[in-house]
Each structure stands twice: as C-alpha cells, then as structure tokens.
Amino acid sequence: MRWWVAVELIERIVKEGGRRVDELEAYQFSGYSVSARLKRHEIHYASGTHLQGLSLRVIHKGCIGTSATMNPERWEACLDAAIASATLATPQEWKGLPVPAAFDPTPVNYDPGVTPDAETVKTLLGDLVDGTRAYPVEITSGSAEISRYSGTLANTGGVHYGDMESMVSVGIETITGQSTGYEFDASWRMDIDPRKVGERAAYLAYSSLDGKDVASGSYDIVLSPIALSQLLGGVYLPALSGKNVHAGRSRLANLQGQQVMDRLLSLRDDPFHPRGLSSCRWDGEGTPTRIVNFVEQGILREFAYDLKTAYRYGKQSTGSAVRGGHGGSPGIGTHTLTLDGQRGNLMEGRVIHVNDMVGAHTANPLTGDFSVELSNAYLMQDGNVEFPIRKAMLSGNVFDVLMKTGGLSAGERVVGSMVLPEIRLKDLAIIGN
Amino acid sequence: MEEIRYFDVRHVTGTVTHVDIDNARVESAGTSYVDRAILRVLGSRGWGILAVDSYSRPKGRDFEVLLEQAGSLASLTNQKVLLAKVPGGCIPVPGMKEDPADVDLEEKQDLLSGIEKSARIDGIKSTRASYIERNEEVRFENLYGDEYSYSICRSGFSIVAVAERGGDMQMGYVRNHAIQDFNLRHHQDDGNTAAMRAVALLDARPPRGGTMHAILDPELAGVFAHEAVGHASEADLVQEGGSVLADTMGQQIASESVTIVDDPSLPEFGFEPLDAEGSHVGRTEIIKKGKVNAFLHNRETLAAVGFGHAGNARAMAGEPPQVRMSNTYIENGDSSFDEIVSECRSGILLKGSRGGQVDPGRGIFQFNAEYGYAIEHGERGAMVRDVSLSGEILRTLHSISLCARDRKMHQGYCGKGGQSVPVSDGAPHVLLIDAVVGGSGTD
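One line per chain: the protein sequences are X and R, in this order.
For the first sequence, the residue numbers in this note's numbering are 1 to 433.
For the second sequence, the residue numbers in this note's numbering are 434 to 876.
A couple of the hints might just be wrong.
Claimed, not checked - In silico DSS-like pairs for lysine-lysine, Cα to Cα no more than 27 Å straight-line: (1) R/LYS550 <-> X/LYS61; (2) R/LYS724 <-> X/LYS196; (3) X/LYS122 <-> R/LYS492; (4) R/LYS841 <-> R/LYS518; (5) R/LYS513 <-> X/LYS122; (6) R/LYS784 <-> R/LYS721; (7) X/LYS426 <-> X/LYS95; (8) X/LYS95 <-> X/LYS61; (9) R/LYS724 <-> R/LYS558; (10) R/LYS841 <-> R/LYS530; (11) X/LYS212 <-> X/LYS15; (12) R/LYS558 <-> X/LYS315; (13) X/LYS95 <-> X/LYS15; (14) X/LYS122 <-> X/LYS15; (15) R/LYS849 <-> R/LYS724.
What the hints assert, rightly or not - Ranges of calculated distance between the beta carbons of each label pair, as one might list FRET restraints: (16) R/LYS492 <-> X/ALA84: 26 to 36 Å; (17) R/GLU776 <-> X/ASN293: 49 to 59 Å; (18) X/ASP400 <-> R/GLY683: 42 to 52 Å; (19) R/ARG490 <-> X/GLU119: 56 to 66 Å.
What the hints assert, rightly or not - Partial list, computed: chain R residues near chain X (C-beta under 8 Å): (20) SER477; (21) GLY479; (22) LEU506; (23) GLN512; (24) MET604; (25) ALA637; (26) GLY794; (27) GLY796.
Hints listed in this document are in silico derivations from the structure and should not be mistaken for laboratory results.
Ideal placement from N, C-alpha and C gives every residue a C-beta, glycine not left out.
Next comes chain R alone, as it looks inside the complex (with noise of 0.2 Å):
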C-alpha cells in the first residue's frame, strides 16, 4: 500500500443563477445546483487525485478507502514532492452592503431589464444582457487535522450593444462584477454606455499597424500587468522551466516607476479568504521598484523554487489547485494623466479590453483594447478600433516611462489549465514608449 504523507479535501456545494436577456426577450432564467470535492493525497513521491461529484464525508473506514485510492494513483507518480511548512487559516470574508441571495429572482430579472432597455437607442440593432450569480459554501480539512469552511457569493452582470450602419456592425460592453454587494442597483445607465461606445466605433477606423508610444488605461494596463507579469511569476512555470523571469529574481527588468503586486486578501474578485491548500493568504510584490522580488507560490513551488510565500494555490471546484493570480496591480505612480498624455505628444491611448495571452517560456504577450484614440500633438485625436498590442515581457517592461496616480480595479475570469477563475486587474494609466501596436488600417 502506498505510503501517505499527505492529504486534503476540498468540498464545494453552493448555486449558480442566471439571468440572460436578448432583444428584451428572457431567454433563461433560473438555479442549478454545484456539489463537487477533490480529495488529494501525498503518496512517497508524488499526488494521487481524486475528484467526486456529490460527496459526502465518508466516516471511518470508509474514508480510509478513497484515501487508499488516492494512494494507488499516486504510486504511479515519480516526482517527489516537498511541501513546504506554511501558516494556515482562512480571514473574514468581507461584509456585504446587500446580499444578492436576498433578492429575489424577479427583481434580479427586472434590474436587469432596466440596464438592457438603457441600451435601446438610435442605431443600436441587437442588445443582450446577463446576470450570474454563484453562491458557494467551501469546507477545508487535511492529515494536520486543520478544518476550515466559509461561505462567498460572487456575482455580475454583462451588457453588450451592437450598432449597426450599412452592413458595418461594431460593439460595446460593460461588465461589472462583485463580492461585496448586490451590483444590478444603480447600473441602470450602464446599457446606455456600452450602446453610446457601440455606435460610436461605426466612425471609428482601425490604426495602421506599428511601432509607436502607447498610453493604456487602468483596465488595458491592469490586463497588462496580468498577461506580461502575472503568468510569468506563477512559480509552477518558474520550476517547470517555462517561464522567462525563471533566473531573472533581484534583476532590474523595469523602470523605477514599476511596482507590481498580487493579492488575494485584497476585498476584491479576486479575493479567497485562504488558498485552496489551506494557506493563508497576503500580499506579494512581484516587481518591487523595476526588480523581481517574488514570485507566486503554493506550498509545493515554494519548496523548490524559493522566493515569496504561499497563498496563490486556487482552485475551481473539484479541480487540482493550480498557482494562480488574485488581485493583480501596478501600484500607483506620480504622473498626471494630462502629464502622461502630453509626454506621450503622438502615439496612441488604448482603453478597455477584449482579452490577452501570454507565452510565458517565450516572453511574449499579446492583448486587445476594445477602442482607442490617436494622440496628436499631446491631445486626443480619432476614435480607432480593433487594436492590438504584443510585446516581449523583458524588453517592454523598460518601456513603461511614467505611472499615473489613479488606479482602478477591473473584474474577469482568468484561464489556465482548464480551469478558469475569478480576478481582478488593475493599474493607473501608463505611458508604454514604443510599444508595438497591431491593426489593420491602411493609413
């Protein structure tokens, strides 16, 4: 029988609830139900992993049972793994002002109808908005005899207007999402938004594309800071030895002006009361001053790689926890954002955005701003679409110049492995000099 250093169990049972309005028409609306565990246990070299839906606890030797079975898929493993010794226990999660499962679900339907009727306006030819809710109750335990349970509702809404004009069709959205309140209320005019920037890309004309000085917003920069940072200090890439920043700790590989952190503690989207081992989770300056200072850990990673602490295992339920971001920033610089604007003189500022990828082995980082402007002469010129910018993580990180002193936080999801989960990015305005800027424009 295989030996058994370690196990844990994660049981996550809770409710997702959906709302999706199309063309003002409730196309579904309604509860389903989660119940998944992952039992893993730490054989004489590697993890056995078990993954059960609807799980009970057994008791006794029945529990003994699936941790012999767990036992047997790890005795085919041959790495041997270490887990570091780490502080454990889960923080409070933070109050809410409304708990949305105190709303019922026709007023959910309702607030939400208000923020797609906003979207109806001239030139708009198709709106669509939805509502996700997930409540979910997650209960902890280990070989130690560590018992920890909380309970955490995420919730948000998405809007999306499309604008039509001769057969050109162009979009906008808005997404909000929230761990602290019941987000539908006072978002009435968010429709409208996303609707007003929808028609407005119909003038809109993709940039020629090039190399030129680029000014990212907090939500473009936060995404920055995910794609060209983020990914590539997950210290499961650092030991696998696909990561660049892998031999990079304590070398200067951005400007002064650049702090960039993750933290799951922070009372955001991505907020985990403790990891998904159990650890207790803080604050990780990832690039303190242009240096590498840590990287993101679990308790495996920081036993063979070293630098940072544990904290970033996260998981979906009933999945392998994996390392992973939370809430990742770019501290606050000094700068203006008319400073910014005016050092840039020409280039371009791109806001919002439509996703990113990274080649974190490669360096190379790849997003999309969901509209932008020119800069001509230190100010705002034409609206532009569809624009791109890539970028290899150690050359651009020296490009970021100035840091302005207004940051923002924006809500998502982030992929890897097959898992996806909550986050939250987020930066000041930034002043990329030339940064490399894809689009299809002609002139």
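Excised from the complex, chain X in its bound form (with noise of 0.2 Å):
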C-alpha cells in the first residue's frame, strides 16, 4: 500500500472511529526485510518478507477493547470486532487518549542508508564466515537481516505521528568438538563489524574446548551482558512493570523509596539512547517519552506505567507503554534499559566469567530464585583463564545477588531492547560435577 493511501486509510478509520465510541487509536505499519540463512558455511536461503497489519483499540464508556488484522483493507470487519471486544472488557477510570505534542520529526532509529537489499545481506554473511577463520572452528549456522518498517499512529483527540525504523542484525554458532559458540549483533545503523562477531563465535567455541569440571563451591561471577539481560528481562523488569505492582505480583512492590540494589547501581529505561534498538520520542500510544529512573544509586524511585495502569491507579504514565510486534496492542514495556554505576576491572583475583546461560527463561519471575547451566564459561585469576568449565550449575535469587555487586564493566553493548556492561556478582553458588 502506498503511504498516501495509508495515510487517507487511517483517517478514515480514526474518522469512522470517532463516530461509533468515544475514542479510537490507529496503529497501521507496513515493513520489508531480506535475510538470509547459512547452513555450515554456505548460504542455504534466502528470504523477503513483505510485512503489513493495522491495530485498533477503542474505548467506550471505561471499556478497552482491541483487535488487529494483517489485511488493513478489511479494517471495518477489525473495527467491528475492537468494539465487540470493549463490550466484554470490565468498565474502568480513563481520562483519554494523548492529544497532540510538538516532537522533533527526525526519527531516532532510522538510517536512510540501511536499505533491505540481497547482495548487502550477502556481503554480511560473507564477512561473518571470514571473521570465523580466526580460529579452527565449524559453523553450523548463521543468518543476517537487514529491515525497514514505517508506521503510523492516529487517534481521535488529534494524534497523528510516523515513524520509520531500521534494523541490520547477525548472528552465528560455531562448533569445535562438543564445545559450541553463539554471537550477534544488531544496529539500526549500518555501522555492526560481522567479522568481528564471526572472531568472537569462534573464540568462544574455541576457548571452551577441553573443558574442566570446577568443584562446588562460592564464587565470585562475572556476568556478560547477554548473561545479565536475561536475569533482568525474565525476572527484574517484570517487577518493575505497574500493573504486576499493583495487581499484586511483583516483590518489589512495596519497597519504593528503599534499597533495592547495590548503592553502586541505577537501572533506567532511556528511550532517547542513542544505540537503542527501540528507542523513541513517544510510546506505543503516543504519550511523550521519558527517561523512567526504576533505581537510583540502588535506592527504588518508580514503576513503569501505560495509560491504562496509570489512569486505574491513579498514576501517571510513563510513556512505557510498547506494542508487542508490530501487530500488538500496546502494552507495559521499557524501550531500552541501561544499568550505570561504578565502572572498574572487574576481574581481579579469581572470578568465573560466564558468557550465556542455558535455561534462563525458568528462572521464577516472582521470588528471583534461579538455577542455570552455564555456557561458555570460565575460571579466571586476575584476567587470565585458568581453565574453560566443562559443566557447572549456578543458582541464586536476582533481586539478592543485585545487593551486592563488585561494579560494573568500563565496555557495554546492545542486547535486544537493553544496553548492559557487564556485572561482577559476589559470593554466588556453584554446582560442579
């Protein structure tokens, strides 16, 4: 669909909308990507995917109601069913939509040079199979993606924002032995090095060879960025979101104003960073956008809210309100969480250094409490490996073993919606074989 009949579509919706409930937003977005797939170190596919959807939400009398299509030709059918859906929905305080705000039109993560095309993605691959030569390794698999997305956000009080994004992402796995290696990255500018993600997939695979049992024990963990964004995705920022506050479902919930972290840590979402893969002027409903502070030199300062949350409970929102894909309603979300603090070497003395962990996703999002495999890690004195660990259990609780940390690395980088450093842990326990 061409933008101007997008644009004449959606207010039309908002038009129709308008007409039929007291309030109607509009999401319409329409995207394309190329990415390719390597299988060992040759390029076994290659795809384009031409992505489109319109997500409405209306409000009537208190009441939500949504719905979503693929199809935004059949967007009456989808209207129809969004006001089907508020009927259903329980009646609760609401103060409107967003109205219109002055914002800088440049889009925040948009690169007019990253362009969806085949050859490029080829060249991606290319660099990431050359970076894998560095070490003796075999790929088993790699893929990049190169994507561009446009959307629009309309509403019945005046609401009418773009957006246009970009996105180039690689990622690779090599295998040596039984010991495996995994890296990525993704920018929305064309400025990731695949040779150099290619060099650090086969480093890890390599380095983690012949691995040696580690006895049972305390140690002192150095987590990367990929390890500590799974801990905060899966258990932390679920705590921080104010509807799990308020719905009774998070342990942090009445700790505002306390210590909840090391004093040495703050943990906040920054929606203006500049390497954000999801940073943006306005959220997912058009609210205007702010830095949320969820922790302050380790003391507990706010809960992330949408409209809905906010409006129920008497709060205001935060602008963290994000769409679960692009066909989603919008939701409680952050945009690109940072966690900033005392930075130092981290790896003095004797420390395990963990680069991922197999099993993350099953830690408990209420307690914290967690048990993982380790993966690529290893045991290091004052910077030097001593020894890969074959094997190892490491288990905790997230929120406790925050309370203590010993800093924060000088280097971070981008994992999906989050730029972390990485973290020293203290005292922590390890299951050897």
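Hey, can you piece these two chains together into the complex? The hints should help.
What follows is the structure in structure tokens.
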C-alpha cells in the first residue's frame, strides 16, 4: 500500500471510529526485510518478507477493546471486532488518549543508508564466515537480516505521528568437538562489524574446548551483558511493571524509597539512548517518552506505567507503552534499559566469567530464584583464563545477588532492547560436576 | 533467470480469540485476524523465500512474477539442496466433541471467570486466567499440482495464582490445551488446584543442589524427553553438525527400558494432518530400546542425512518450515510408581515444569520443575521449590533406571529459530540415578 493511500485509510478509520465510540486509536504499519541463512559455511536460503497490518483500540464508556488484522483493507471487520471486544471488558477509570505534542520529526532509530538489499545481506554473511577463520572451528548456522519499517499512529484526539525504523542484524553459531559458541549484533545503523562477530563466535567455541570440572562452592561471578540481560529481562523487569506492582505480582511492590540494589547501581529506561534499538520520542500509544529512573544509586524510585494502568491506579503514564510486535496492542514495557554505576576492572582475583546461560527463562519470575547451566564459562585469575568450565550450574536469587556487587565493566553492548555492561556478583553458589 | 526446480505455497488464514481476566477484572477479550503466506522456490542451488501478509493467490503471469521474485532471492544461495521423494497427503483432523467456534465469547468469558474465581482462596494475593483459541485454515500447493487444505482449532487456558505471606510470594498454575474439545468446561476446580499449590509452596524450601537420585513426574519427564533427546534428533541440527547425536546412529545411549517417540499423527496438541511441506506424517522411534534409531526430518534433511522419514517440517504462519518435534514421549515401562519411589530410597521427586533449554551441539540440557518433594527412606517427604535439573545427553539417558506404566501427555509451546509451535510432551514416571540437581538451599 502506498503511503498516501495509507494516510487516507487511517484518517478514514479514525473518523469512522470517532462516530461509533468515545475514542479510537489506530496503528498501521508496513515494512520489508531481506534475510539469508547459512547452513555450515554456505547460504542455504534467502528470503524477503513483506509485512503489513493494522491494530485498533477503542475506548467506550471506560471499556477498552482491541483487534488487529494483517489486511488493512479489512479494517471495517477489525473495527467491529474491536468494538465487540470493548463490550466484554470491565469498565475502568479513563481520562483520554494522548493529545498532539510537538516533537522533532527526525526518526531516532532510522538510517536511510540501511536498505533491505539481498547483495548487502550476502556481503554481511561473507564477512561473518571470514571472521570465524581466526580459529579452527566449524560453522553450524548463521544469519543476516536488513529491515525497514514505517508506522503511523493516529487517534481521535488528533494525534497523527509517523515514524520509520531500520535494522541490521547478524548472528552465527560455531562448534569444535562438543564446544559451541554463539555471537550476534544488531544496530539501526550500518555500523556493525560482522567479521568481529564471526571471530568472537569462533573464539567462544575454541576457547571452551577441553573444559574441566570446577569444584562446587562459592565464587565471584562476572556475567556478560548477554547473561545479565537474561536475568534482568526474565525477573527484574516484570517486577518493575506498574501493572504487576498493583496486581500483587511484584516483589518490589512495597519497596519504593528503599534500597533494592547495590548503592553503586542505577537502573533506568532511556528512550533516547543513541544505540537503543527501540528508542523513541513517543511510546506505543502516543505519550511523550521520558527517562524512567527505576533505581537510583540502589534506591527504588519509580515503576513503569502505560495509560491504562496509570488511570486505573491514579498514577501518571511514564511513556512506557510498547507494542508486542508490530501488530500488538500496547502494554507496559521498556524502550532501552540501561544499568549504570561504578566502572572498573572486574577481573581481579579469582572469578568465574559467564558468557551465556542455558535455561535462564526458567527462573522464578516472582521470587527471583534461579538455577541455570553455564555456557562458555571460564575460571579466571586476575584476568587470565585458568581453564574453561565443562559443565556447572549457577544458583541464586536475582534480587539478592544485585544487592552486593563488585561493580560494572567500562564497556557495554546492545542486547535486544537493553544496553548493558558486564557485572561482578559476589559469592554465588556453583554446583560442579 | 534463476532455474526453478520446485516451489510450494503455504497460506494460513484465520482468527485468534482471547480472554484475559486479571484479579476478577476482564482486561481484554476479543478477536484478531491472521492472513499470511509463504512461497518457497528451490533454485539451481538453494531456497528463495517470500513471506507475504494478506495473500491472495495470483493467477497466470502474476503468479509467475512472484515465483521469479523468490527465484531471484534463490540466486544468492550457494548450498545445493536436494529433496527426498516422499509420500504426501493429509490425514483427517480429529473430530471435536464440542467446537469452541460454536461457543460465544460471553460464555467463554463466564467459564474462564469461574476458573479464576475458584483460585481466590485465603492466602492468595493475585489471580490471572487466560484463554486463547486459534482457528486456522491452511492451504498448500506445490509444483507437482498437489493441493491440500484443512482447518484446525487449537484452544486452551491457563490459571496462575500468587500466594503471599509476610513478603514471601509463590505461584501455582494449571495449563490445559486441546485440539478435540472446548476445554473450558469441567475445569472449574483447576483454579483451586493452582491456588492450593501456591499456598503450599510458601512453606516449601529450595533444596540444596548436588548429585542425587531423582524421580520425574510424567510432565517433567516429558520435558526431559523433549529437551534432552528431541531437539538433538532434529536432523537440520544433525546436518549442520550441531547435534551430539550426529554420529550415534545404532548406538546404545540409554538403558533398554527407554524408547522415545515423536508422532505428529497422534491426536494430541502437536497434531499435524500433514507437515508444512505437504509430506505425510507418522510415528518416529527416535530411541528404540536404548539405541539411536532415527532422526526427525523434512524432505531436505532426509535426503542429506537419512535414517528416518519426512513429516516433521512445521512452521508458524508466514514462516519457513523447520524440522520440529510434535508429540514427543517416552514409552511406558513396566514398573509401578510405588516401586520407583521404593527403589529411589533417598533423593527427590520433581513435579510439573517451568520449561527447559538445550544446547544440542554441546549436549547439555537444563529444565526446571514447578515443585517437588524430598524422598527419604523410600517415602515422600517435605515439599521443595525452585529446583532444576541439568545434564549431558549422552550420559544422563543411561541413568534412567526405571520407567513406570502411567504415561500422560502435557501440552505446551516450543521455540526454535524465532518460531513457536504447539507441542505435547509425555512420559511415565521415571527414575534417574545420580542426577545433577540445582537449588539454592543451604540445608
């Protein structure tokens, strides 16, 4: 669908919605991506994806209804479904969808130089493969993708915002013997280094070969940004959602103003972070975004709210509505989560460095208890690898282990919708073999 | 122009209906629409794939243009793909006792409310119940002129109850999904079951991790079969060199009491009437009496790797087919549950599942139980929580010493390569000798 046709359509939908219900919000998107996948060192398939869709939300007498379709031309059925949906919902306090605000119209995570182009994807894969040649390993699989999407958010209050996103991403898996390595990178600009990604994946597999067993006991652990993101995403972020806080599903619910992390640490959502893949000036329902200071120097300051939860519990939206995929309805989330604090050398003395974990998603999201298998982990002394660890389990509690840390690394990296450093955690239980 | 050796199109249309009740409040309820197709072209070397939202089958030259677009993508590939010739065709979708599509949304909402209400007992701080129903119409065509279509409805609910006492919180849950019935009826007590477990877990303690004998209940043993064996037997991983089972065909990797099967034709939640490439589906004995017997295949991996039959290509709407499990289970043994507990003597009984993960190349798996009990002197002891189990595929299967004769199947979803597909896992109770159990307890 051409853009002016899309503009006409969304205006028509908003107009018709305004005639039938108190308020209507429409989000229409379209995009194209090109990707290719390696099987071993050869390109196995290349694909092109044309995505489009329409997501509607209506509010009538405090009842909220939603529907979505992949065929915007079927908007009338979608609108009927959204209105029918509202008739079933429990009514709640509602003070209106956002009204228009002035924004810098420049997209924050869009680079016109990122073009979904098959030859560029092929070049990215070639560079990934070249990078792995730094170590004697085999490639099992790999992928590269370039995408570009545009979306329009409009509502009956007069909001009509357009936005564009671009993304380039690569990932590769390697193996030698029974030692595996996986590395990836993503950016909204064409600034990733696929050779470096390939080399790192090869290093992880090669350096983890001939692992030894580690004795069970208590160790200081340095988590990579990847491993840290898994524990934060699975346990900590749900506990910061205003909805979970008020619904009785957050361990942090009654701790505002109290210490919940090491005093060295500050956790925030920074929707303006220049490297963030989900950075934005307005959130999924059109509220202007702002930095949300969840934890400042260890003290719990605020929770995340979207409009629905904020109105229900007498709070203000923190601009934290995100859409679950392009077709999803808005719900509470984060845009670019960052962890800041005292930076320094994390590798003094004896530590176990953990690159990745197997089973992090099985952590208890309420209590924070976790027990996971380590992946690409090394026993280290003063920054030198003593030996790779063949197999070991790491147990602890996410909330507790963040109370007493040994600082953060100077460097940080993008992991999904987070930009994180490494972190040193003290005295965690390791179950060796 | 790229040579076109083969093409197929898989087009999925349908509706997704959901109800979400949170602490007695209907958060949302309604219907959305799905319409997504995937067109695959096999060029002179590898695949060119187009995914299209809101697809309508073009005619004549317009369809040729689509094929050429996919062919153009295929020209980028350099891996020579061959496809095995396999039987195609659709088996009947099992009939429904009651079709969820015939029940109006208000009644679904009322029934779900009843389940949620039964979870609100003393000690429970929060309840949440969800219902989801996917009605899909799948149409398939390929170069040979084969055309298949079928309709299937998958529906199910979950209820989660959170108990709270003095700042300590625990959750209990019940999930149930079905393809042959409207399963919101006759489950009103499931909310109470979830709530009672959440309250009981407030008095449970995490176990001290270490090596011990472990009894897995049918749900967790099913997850064990799925994570420890199922993924490593997927032949795309074998072909890529990313599975520890790659060179084990015919080898004894488990005790003779262990037979592990995957069967998409079984009328369970992972049922497929034909696979996503149009291939006929059937039973695969991955492990037969302890020996590696077959891998799970699509047409391509069957041609490249061998050992088995095609029929395990599965895909989400608009996504490329991957080799996937369907209904995976450990066959019944001949022991009773009491015999297994008695044989265990001292160890741990693990029940329910919070999911798991495997690194099939490294041969390491991990999964987490919902709760468990200490086994002391051959009898069930105190309740434990937050307990996981990890192991090495090629070592742990040897440690299954007994299988009971009480297999049950449980439903869920499995993720791989960014796609999530419905599956069921099952097993009887099994006894693992010297399992590595993780827990943060100190006594």
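Hint check results:
no. : hint                              : in the structure
1   : R/LYS550 <-> X/LYS61              : holds (25 Å)
2   : R/LYS724 <-> X/LYS196             : violated (41 Å)
3   : X/LYS122 <-> R/LYS492             : violated (31 Å)
4   : R/LYS841 <-> R/LYS518             : violated (35 Å)
5   : R/LYS513 <-> X/LYS122             : holds (16 Å)
6   : R/LYS784 <-> R/LYS721             : holds (26 Å)
7   : X/LYS426 <-> X/LYS95              : violated (47 Å)
8   : X/LYS95 <-> X/LYS61               : holds (11 Å)
9   : R/LYS724 <-> R/LYS558             : violated (49 Å)
10  : R/LYS841 <-> R/LYS530             : holds (20 Å)
11  : X/LYS212 <-> X/LYS15              : violated (67 Å)
12  : R/LYS558 <-> X/LYS315             : holds (21 Å)
13  : X/LYS95 <-> X/LYS15               : holds (20 Å)
14  : X/LYS122 <-> X/LYS15              : violated (45 Å)
15  : R/LYS849 <-> R/LYS724             : holds (26 Å)
16  : R/LYS492 <-> X/ALA84: 26 to 36 Å  : holds (35 Å)
17  : R/GLU776 <-> X/ASN293: 49 to 59 Å : holds (56 Å)
18  : X/ASP400 <-> R/GLY683: 42 to 52 Å : holds (48 Å)
19  : R/ARG490 <-> X/GLU119: 56 to 66 Å : violated (30 Å)
20  : SER477                            : violated (13 Å)
21  : GLY479                            : holds (5 Å)
22  : LEU506                            : holds (4 Å)
23  : GLN512                            : holds (4 Å)
24  : MET604                            : holds (5 Å)
25  : ALA637                            : violated (11 Å)
26  : GLY794                            : holds (4 Å)
27  : GLY796                            : holds (6 Å)
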